[in-house]
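Keeping their order, the protein sequence lines are chains H and E.
The working numbering numbers the first residue of the first sequence as 14 and each following residue consecutively.
The working numbering numbers the first residue of the second sequence as 9 and each following residue consecutively.
These are computed hints drawn from the structure, not numbers from a lab.
No incorrect hints appear here.
Computed list of lysine-lysine pairs in PhoX-like fashion (alpha-carbon distance at most 25 Å, straight line):
| hint | chain 1 | residue 1 | chain 2 | residue 2 |
| --- | --- | --- | --- | --- |
| 1 | E | 103 | E | 253 |
| 2 | H | 207 | E | 11 |
| 3 | E | 167 | E | 194 |
| 4 | E | 194 | H | 207 |
| 5 | E | 344 | E | 177 |
| 6 | H | 97 | E | 103 |
| 7 | E | 15 | H | 207 |
| 8 | E | 11 | H | 228 |
| 9 | H | 228 | H | 207 |
| 10 | H | 416 | H | 391 |
| 11 | E | 15 | H | 228 |
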Amino acid sequence: MSRKIDERIPQDSGAGTTIKEYVALQSPWNRLISYQEAMHYISRFESVLSAAAIQALRIIVPDYAERAQMMCEDAIQRLYMTGKYYGDDDGFGIHPFMCGEYPGALIGDKGDDALLMCGRCNDFGTYRCEKELDVCDWDIVGSELCRTTTMSLQGQAKAAAERRPGGPTLDYMMVEAKGCGDRHCRIIAENRDKYPAPPHELWQSFGPAVTDDYKKYTEEEDCVDESMMFREECNYHFVNGTNNETDSSNQMINLSTAASLYVLPAISEAVKRGYVTREQADHILHCVLEAAGKAMFGERYAIKGLRDWMGVPNSIREDGRLLAGLIELQLQALVCPYEIEAFNEKECILVIERSYLEITGTKDLPEAHVSMWYGMAKTLINAQWALWEEDSPEGKLRIKIAKRIDKFA
Amino acid sequence: MNKNIFKYDDMKRSEHMAVRNHVGWYFWTHQLLEVTGPDVTAFLDYIYSGDIASLAVGRDRYTTMLNEQGEIIDDVVIMRISEDTYWVSTLYATKADDWWYYHQGDFDVEWTEITEDWQMLAVQGPKSKEVLNALCGESVDSQKFFEIRENELDGIPVKINRAGFTGEKWGYEIYMSPDDLEAIEKAVDAEVVKAGGMRVTEFQIMAWTLPTEAGIYYMRDLAHTNPFETGLDRNIKWDKDFIGKDALLAIRESGPEREMVGFEVLEDDYYIRAKQYGGPGEPVFIETEEEEVGRVSKLVYSYVKEVNNGYILAKKGTLKIGDRIRIHGHDCIITKKNWLV
Chain H
14 MSRKIDERIP
24 QDSGAGTTIK
34 EYVALQSPWN
44 RLISYQEAMH
54 YISRFESVLS
64 AAAIQALRII
74 VPDYAERAQM
84 MCEDAIQRLY
94 MTGKYYGDDD
104 GFGIHPFMCG
114 EYPGALIGDK
124 GDDALLMCGR
134 CNDFGTYRCE
144 KELDVCDWDI
154 VGSELCRTTT
164 MSLQGQAKAA
174 AERRPGGPTL
184 DYMMVEAKGC
194 GDRHCRIIAE
204 NRDKYPAPPH
214 ELWQSFGPAV
224 TDDYKKYTEE
234 EDCVDESMMF
244 REECNYHFVN
254 GTNNETDSSN
264 QMINLSTAAS
274 LYVLPAISEA
284 VKRGYVTREQ
294 ADHILHCVLE
304 AAGKAMFGER
314 YAIKGLRDWM
324 GVPNSIREDG
334 RLLAGLIELQ
344 LQALVCPYEI
354 EAFNEKECIL
364 VIERSYLEIT
374 GTKDLPEAHV
384 SMWYGMAKTL
394 INAQWALWEE
404 DSPEGKLRIK
414 IAKRIDKFA
Chain E
9 MNKNIFKYDD
19 MKRSEHMAVR
29 NHVGWYFWTH
39 QLLEVTGPDV
49 TAFLDYIYSG
59 DIASLAVGRD
69 RYTTMLNEQG
79 EIIDDVVIMR
89 ISEDTYWVST
99 LYATKADDWW
109 YYHQGDFDVE
119 WTEITEDWQM
129 LAVQGPKSKE
139 VLNALCGESV
149 DSQKFFEIRE
159 NELDGIPVKI
169 NRAGFTGEKW
179 GYEIYMSPDD
189 LEAIEKAVDA
199 EVVKAGGMRV
209 TEFQIMAWTL
219 PTEAGIYYMR
229 DLAHTNPFET
239 GLDRNIKWDK
249 DFIGKDALLA
259 IRESGPEREM
269 VGFEVLEDDY
279 YIRAKQYGGP
289 GEPVFIETEE
299 EEVGRVSKLV
309 YSYVKEVNNG
319 YILAKKGTLK
329 IGDRIRIHGH
339 DCIITKKNWL
349 V
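Same shape as in the complex, but just chain E (with noise of 0.2 Å):
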């Protein structure tokens, strides 16, 4: 009872450090949303915080859509595939599709889901790079990260955009029709393989333990948070109106009252509860149990350093690095989020 899910899991294990080590792809297409129009700049840049009219053909950016609160209800990577089209990639389309509608006003701007025209895969790891080029028309060797181009694979026309999701230096993720996706996979495959890599399978190591071990979010990690309590506050701009912005402003002033921190168990196998799987997390004490200061977001393994890792999101200040604490009766101490530095 309680074993670890992860630590003792060796095909997880394999496909965690296929990516750290070699290269590991996997299918990973998003919802995809396209958005058209003379006013679409302007548009987005009212959506989002980041900073939309900036970015430069070809490039992508993350960001996240506010609420007039202030609170994250999604974060996405926009990438500007022409001077007037820009894809938004999402797994929350059919909330952006309501609130962008709710809040579209005089903007003339039209989008359209094309989730089902376009298949994703990812390739991450070390050695992407020398897979992508093995396989790929035109070499990606100059290919920025954040930055999106068409190219061939296989003699298929793919767009292809490096980023990921991994925390990977080296990273690229295919874009496809459909129709093409098996034969893709297949050469894909074959490549990764023959680089000492392989197939990642397993939901858990793509979205969960790849991502965190890299300080990484995953959508409910950043549910009712604001940028400033997850640290996606240094890619707001703020010389421009966007939704939340006035409830930012307030917070940037009084300061944020949560910080998102890591932490790590210290025991092998135990019982927590967190966010990742729904509900509230297992709430967090410090020294009475009559004070609750947090909960706990996510908890996951990195097979890097070999511990259990996750993420609590605190009352600010009352956590600090290398505080140790109790959880459900379990040894813990506070680190930073990221695994990987």
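So that you can see chain H by itself, here it is in the shape it has in the complex (with noise of 0.2 Å):
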């Protein structure tokens, strides 16, 4: 095999990946997409991820009930922890006199707001608070994660009451998801002591809300589908009531997705608590998101549509390159650094910082994408070829894409 690095243009495409230069991503034949399209393509495409990755949890934990309840009880403790010692007050407007857990619901919009969930927050008040979106890439991955990510926002609220203690407790519920079809997710959080309901378990956290008459249901005219950072009207900031102000460039390192968050942590909890071991674990996540990566490219039209939208010559006809090409926009649109050894018609080897593409330190989500990136060299490019880690040097994520005869794949 060649350790040849065809004539690109440019040579070093996506090399420096900061965010000082980060105009716009580079794919190897100079398409140049911008920052915007980037974080909504990337965004999408880890949803889709996290989408199979649950798959391999409804397989470990098949009852509902019980599954959602486990991540839930997994998201609440890890944020928590998450907020007791990371948690920026200042980073999110939460200013000093703001006791008890209704802060939660500052650090739950700007995270929305970063993930493209984009939408309003309607209510922020001591004793209720309410958030409507309008978009969310995560609605293709399961009511689980709805329920769960409301657990996220408890968790933090509860550390960032105990910095101030003596506030009243808040009850996150998630009344509305996406996920579930309906047209927003809303998040309605109610003080109990205010607005009595009777007590439930974490993964039942979705409604009816109590305080149903007071929300503010934004008619589809009104609907929005960008984040404030990439609308005009918000003169490309995010800015809360509090004055908490970020532009875009802020937001793609803080990219984090459903399966780093919420459901490879849970395939671990379901180890933990004994549903599998971890090998039966890996092998069914490892199923589930090589079919996924092949279904990715299955309709030869979605080929057609990635040449077109990575500028690929007609001279590029079937080869590791048009895989190799689509997985640097990724880590470009994931600000994960990664270097090319080879780049040519008979191999492809790239070189990834393996704790960038852990992306919220979720140690098993390197080698969830090689399933899934596996999978797609089967239709992207052909079934002669495989893509495979190979000889990683330690920190890195090596992995090669070239023809593989393997009687047992």
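Join these two chains into a complex; the hints should help.
This is how it looks when you write it as structure tokens:
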């Protein structure tokens, strides 16, 4: 095999992937993809990966309530710990006098905007908060995730309240969810002393809200499809009601995914609880992700669309450069540094900074990507081709795309 | 759906009206920066648009911090604690810290964030003086508005600043060590209840409804505005150099392009987005829906006047008091922006 790197325009696309230099993504064939489009692309791709990963969890823990409860317990605990040790009150515009759990809404509001989950805050008070989303790229993952994300707010809110004790608690609920087919996602948080309701399990934090008549339902014509940071009317800034203000350059490095934050940690939790062994869990995860990868380009028009999107010249037919080019774009969109060791019609080798692909520190996320990319190789190129990890240096993920005969594939 | 989140809420109403009719107290700790050094007065005079040099020891001043374009990036209360020491009360300490550092230049000045060293309780309303006098070692009778004094409360040393964010003539802010917070809260609560008042617990009352009713702004209202647009130009000290002065002089010459006006929504329940929740606020149109003349900055409720009240940041001269307009299909009227006078 050759270590040759074909002539590329530019040769170093993806080099120095830092925000300062990041005006656009560059495909290996110099197709520029705007920062905004890149955010949308990678957000949806990672949601597809997450949607596949949750199928593994559904196989491992078939009972809906049991699975959702486990996901919620895991999320509330982890996000509580995140808030406790890394909570940034000033960064979210949480003021010193804000006692209680309502500042959790400020954290959620900012996080939504960074994840392109655009909408609006409709109420923000000590005893009631309401957030309405018009768009959620995670709406394909599954309703268990909708329940679980609510618990991340609950955990963060608890951590914020501990820094300023003495305020009232809030019960965060997702009373509408795009993942369930609703027009909006709607989180309503209510204080149970003021708005009493029967107690419920964590996974049942789905409403109905006691204060349903207060809710503000945004009609279709007033809905938005971009986050504040990408809207001219907001001067391309996210700004909340407490003056916390950030522009879009702040956001790409904050991209987190459903798989990294919720699904893969829940699979680890299922292993810990003895549903399956780690090996069984990895096997199931690999199977569903490989299938999801194959499904991405099973339709020939998807390949044609991708070639156009990346500006692939006609001289390049079916070989590994197609997939390598796509992976490069994904890595650039994730602000994940990588080096190109080989890029030619025989083979492509990328050496990726592993920790960056873990995104939120989720150790098995790089392997999840490898499984999905393997499946994509089979349909985006053809079944003679494969993608695998080989000879990774310490702290790196070295992936190779080449033809490979595997009698057990 | 769309039920008014203020009007029918008895808890919010009682907390708000306790302040207006009797007295209310609440935990109101802000971020606090202590600034010292030989050049401290000159430095603060350069950073802020108001008159710092004339501030006597023991007195406070409300002022704005501007960027080079003359836009307000923070509004603060500055307290002169001693000849060379000031406290700056803000809700934007991290931004102020960066901004000051960037503009420090040759000023011989130092600052420290002391937020964690001081907690603050607000006691506001017509009976607040009575409450403070019942609790404090020294009478507060002669204490002027925006004056901070050492005192004792139940034998505990405190600083008492006569000030507030409610528009009340009588209101005090009690600064104390965090170690003393619990004891002072207990003492204040008992005395406030005795005076017919109560604790204010709702953020929307302390930060939104009380100040808005008095025409006072809460940070987001001011974002990306200049003092002429918001009526804060009266506090500017023109015969000194300060950041944003050149831009403000140009604006003074040409006239501001926008102005903050008051408005009321004449229907009980509504769907109107306001900047107080984040985002750009509801667009405001007149006559034809083709011309946007402003955005809704704030929309809350005046429990004193029993109206939905708020602010619109509008193109200068397009909206006049008494004008009837429709916002997102709801009947509204333009008003002055103080509902207590």
